[in-house]
Amino acid sequence: MTRQKRSHHKLKRAVAPYLYLSPSLLIIGLLMLLPMVTVIGYSFQNSAVLRRDPSFAGLKHYQAIFDDPVFWASLWHTLYFTCMSVIFHMTIGMIFALMLNSDRINPTLRNILRVLYILPWLFTAVIIAVIWRLLLEPNGVVNSILMQLGIIGSKVEWFSSPETALHAVTFANIWAGYPLFMVSLLAGLQGIPKDFYEAADIDGAKAYQKLIFITIPQLMPIIISISLLDFIWTMQVFPLIWITTGGGPIYSTEVLSTYTYKLAFSSYNLSQASASAVVILLISLGLTLLYIRYQKAR
Amino acid sequence: MRKRHTPKDRLITVALHLALAAGLFFAAFPIYWMLSSSFKSNTEIFALPPTILPKAFTLEAYAAILGDPVKLRFFFNSYFVAGAVTVLTVLIALLAAYGFSRFNFRGKGSLNTLIISTQTIPPITLLIPFFGLVVSYGIFDTYIALILTYLVFTLPYAILLMTGYLNTLPRDLDEAVAVDGGSSWTALWRVIVPISLPGIVATSVYTFLLCWNEFLFALTLTKSTSMRTVPIGIQLLMGQHAFEWNQMMAMSVLGSLPLLLIYLVAQRYFLAGMTAGSVK
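Those protein sequence lines, which keep their order, are chains X and G. Residue 111 in this note's numbering is what sits at position 111 of the first sequence, and the numbering runs on without skipping anything. Residue 146 in this note's numbering is what sits at position 146 of the second sequence, and the numbering runs on without skipping anything.
Derived from the structure by calculation, the hints contain no laboratory data. Predicted model only: the values in this text are computed from it and were never measured. Do not rely on the hints blindly, as some may be mistaken.
[To be verified] Calculated lysine-lysine pairs in the PhoX-like style (CA-CA distance at most 25 Å, straight line):
id : chain 1 : residue 1 : chain 2 : residue 2
1  : G       : K108      : X       : K10
2  : X       : K210      : X       : K194
3  : X       : K296      : G       : K8
4  : G       : K108      : X       : K206
5  : G       : K108      : X       : K262
6  : X       : K60       : X       : K262
7  : X       : K12       : G       : K108
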């Protein structure tokens, strides 16, 4: 190669990665970063989107949201829904993973159960919502089983009474989401070196001691990452709640996403909705930073 | 191998199997109930006591859906949009992943972090500006609006997934092409793409599922019945005939088929796709 050719080649090597990345960066920049800036802009304007020349509103829309008791109720419901979901996703995921990993069950049975235990994960949120609406209908199968067992005396309107609605949607979400933990923890369990357990056996360790001193510490990195991701994603859940209760009855299942959606597309108050959306963004961003720092620290 | 002859050991094994059965009931009963209800009449669905197997097995609900062009259109729309986004995502993500995997360049680390962090951006935050954009560009209620929107959500994870896959392939393979005087572009298509098929399948599966499940943007950015996707179609069905539970269940079964089939056929890729990013 001549010197000129070589420097030309070098230049090509230097530019190439940016060329390969350019379509992705263009899409992420134009369709993700720019809209994020736009929504922040909207939150400081009056009649955002709806008017061509919106006026500056300052912090008015944020003020309006923070003065709205429904916003605080939504925040509380989101927190309850998310925390309960993550805790139970983790617990159920862990129990199922440990059971499937046991050498007391036949390998064929293990494989069949593994496929079946993942099932809830394969269904769209809308379908999960519709299934649970059918199950929890006042005349539905859950009520009739519970009444036959004598656990409840009369039919419960799970999704349409304010006392039970939030628990009912949370339960449906718990059912829908544990497989992510189960699959990840199962993969994690298979990665723990067998010698750890053999050494513990020699020391005469009991099963629960092995769980507390070997299994859980070894799985901790997975538990923390998945919990953070699950927390961020669960916080944003929309279709499940929209289809089962629509945030009702009397706001008892209103969460930040349904609250924001209604502000934007039922009340057409797109400025205030943008302010609310920015609040959600900030919470997610905080958690994302935590997640990234944790991933990098490992 | 451990001996298990003691009564205590046998008791533990029995208890474990009972727990496994309880777990199976918890995981699968709701799905079984959807399936069996889709073959029942609407009165039988709420029969007392509940019938575990359909007493009068009927395909009436499926016939009502498959014979209705409006409902079939929901399926067409879902397949079309999800298919188009999958092809675009895989192509664009493959290029980006090749850039990340085979080159060292300024800003690589921060771009990677940027892409990881975009995975967690709340959809509802992007919804309002997207609505504004889509309306002002006159693409409200079109396929283009949905395809562009979905790309934003599928791309970041697809890039991470593909990069992870390409990193497992030995560099000598494509470097050999460079030694022969070929460009990196040639190396990508001649060498990398043919051996990346498993990674491409995993990415496609993941992307397709994400699009198939999308609800919020499909709800907001389309309006006419002929533009609606399956998840919105199910919601519409529920609003229109609140008591046609068997049709809703049949629609749910049909709407879950692609996911179930993909899962059964490509289980390995499916799990790789769903967990790669989070477990690493």
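The hints, checked one at a time:
About 18 Å separates the Cα atoms of K108 (chain G) and K10 (chain X), which keeps this hinted pair within 25 Å; it holds. Using a Cα cut-off of 25 Å, the hinted pair K210 (chain X) and K194 (chain X) holds, with the two alpha carbons roughly 12 Å apart. At most 25 Å may separate the alpha-carbon atoms for a hinted pair to count; K296 (chain X) and K8 (chain G) exceed this at roughly 46 Å. The straight-line distance between the Cα atoms of K108 (chain G) and K206 (chain X) is roughly 48 Å, outside the 25 Å bound, and the hint therefore fails.
The hinted pair formed by K108 (chain G) and K262 (chain X) fails the criterion: a straight-line CA distance of about 40 Å is larger than 25 Å. Proximity of K60 (chain X) to K262 (chain X) is assessed by CA-CA distance (about 19 Å); at most 25 Å being required, the pair is judged to hold. For the suggested pair K12 (chain X) and K108 (chain G), the alpha carbons sit about 17 Å apart, so the restraint of at most 25 Å is met.
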